[in-house]
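J.: Let the sequences and hints guide you as you build the complete structure.
In order, the protein sequences belong to chains R and X.
Just so we're on the same page, this note's numbering is the position in the first sequence counted from 1, plus 17.
Just so we're on the same page, this note's numbering is the position in the second sequence counted from 1, plus 767.
Check each hint, because a few of them may be wrong.
[Unchecked claim] Here are the computed lysine to any residue pairs in the SDA-like style, where the Cα-Cα straight-line distance is at most 20 angstroms: (1) R:114 with X:786; (2) X:836 with X:786; (3) R:74 with X:869; (4) X:832 with X:778; (5) R:114 with X:778; (6) R:114 with R:67; (7) R:80 with X:870; (8) X:832 with R:67; (9) R:114 with X:840; (10) R:76 with X:870.
By construction, these hints were calculated from the structure, which means they are not laboratory data.
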Amino acid sequence: SQKIEQNSEALNIQEGKTATLTCNYTNYSPAYLQWYRQDPGRGPVFLLLIRENEKEKRKERLKVTFDTTLKQSLFHITASQPADSATYLCALEYGNKLVFGAGTILRVKS
Amino acid sequence: EAQVTQNPRYLITVTGKKLTVTCSQNMNHEYMSWYRQDPGLGLRQIYYSMNVEVTDKGDVPEGYKVSRKEKRNFPLILESPSPNQTSLYFCASSTHRTGGNTEAFFGQGTRLTVV
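T.: Below, the structure is given as structure tokens:
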């Protein structure tokens with residue numbers, strides 16, 4: 018079965034710095050990978066989708082990379098702000114399902 | 768406004784008492800699914816549906832039932848709830864039938880406690 022690993026420890030960074038979150042996966046080669054943001058007690062909100070033939074995708078201060086050889090995606094937030102503090106989830110297509118990692122908590126301190 | 772609506776938001780029930788959590792979407796999406804979220808385990812898919820009258824098991828289907836009689840509705844049924852089903856539940860929908868190559872829209876969540 019598919020296994021997705023995200024850093025279980027929270028990432029604490031200073032405001033203005035770049036946050037980098039990692040998503041590793043095994044046992045599969047997904048055609049798509051997605052990133053979501055989740056605030057406490059609320060549903061995940063879609064951020065970005067990247068396809069296997071795309072190396073990198075950007076949206077405002079967000080950047081996602083997808084390395085199918087390493088089986089890894091990196092999610093970057095540049096010029097981070099306290100409002101970026103949340104849990105970030107990666108998800109990938111597995112058959113007819115969308116499978117999620119457990120998420121990484123990001124805390125941005127002012 | 769495009770949205771996925773779940774009800775109720777909070778529910779406390781007793782072991783064995785049948786309950787239904789409703790989910791409705793207004794975006795004409797084909798694909799709908801249910802997840803449960805537990806600390807340290809992330810979101811785990813319970814059931815999914817690729818279209819009306821088409822449902823299939825996710826990764827943790829035991830103890831749950833679903834139905835898809837209409838495109839907009841996808842209720843989650845717990846015939847005989849047990850304490851290990853205490854969790855935060857999310858309904859989600861997306862346009863594509865496989866659910867993977869388009870964004871998923873999530874409901875607000877239902878926090879269920881079974882005592």
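J.: Hint by hint, note whether the structure agrees.
T.: Against the structure, the hints come out as follows:
As the CA atoms of residue 114 of chain R and residue 786 of chain X are separated by approximately 25 angstroms, the hinted pair breaks the 20 angstroms bound. Straight-line distance between C-alpha atoms of residue 836 of chain X and residue 786 of chain X comes to about 18 angstroms, which keeps the hinted pair within the 20 angstroms bound. Restraint check for residue 74 of chain R and residue 869 of chain X: satisfied, since their Cα atoms lie roughly 15 angstroms apart, inside the 20 angstroms limit. Our distance criterion of 20 angstroms between C-alpha atoms is met by residue 832 of chain X and residue 778 of chain X, whose separation comes to about 18 angstroms.
The hinted pair formed by residue 114 of chain R and residue 778 of chain X fails the criterion: a straight-line CA distance of about 27 angstroms is larger than 20 angstroms. At roughly 16 angstroms between alpha-carbon atoms, residue 114 of chain R and residue 67 of chain R fall within 20 angstroms of each other, so this suggested pair holds. Of the supplied pair hints, the one linking residue 80 of chain R and residue 870 of chain X holds, its CA atoms being roughly 17 angstroms apart against a limit of 20 angstroms. With a C-alpha separation of about 33 angstroms, the suggested pairing of residue 832 of chain X with residue 67 of chain R is violated against the 20 angstroms cut-off.
Restraint check: the Cα-Cα separation between residue 114 of chain R and residue 840 of chain X comes to about 19 angstroms, which is no more than 20 angstroms; the hinted pair holds. As the CA atoms of residue 76 of chain R and residue 870 of chain X are separated by approximately 15 angstroms, the hinted pair is consistent with the 20 angstroms bound.
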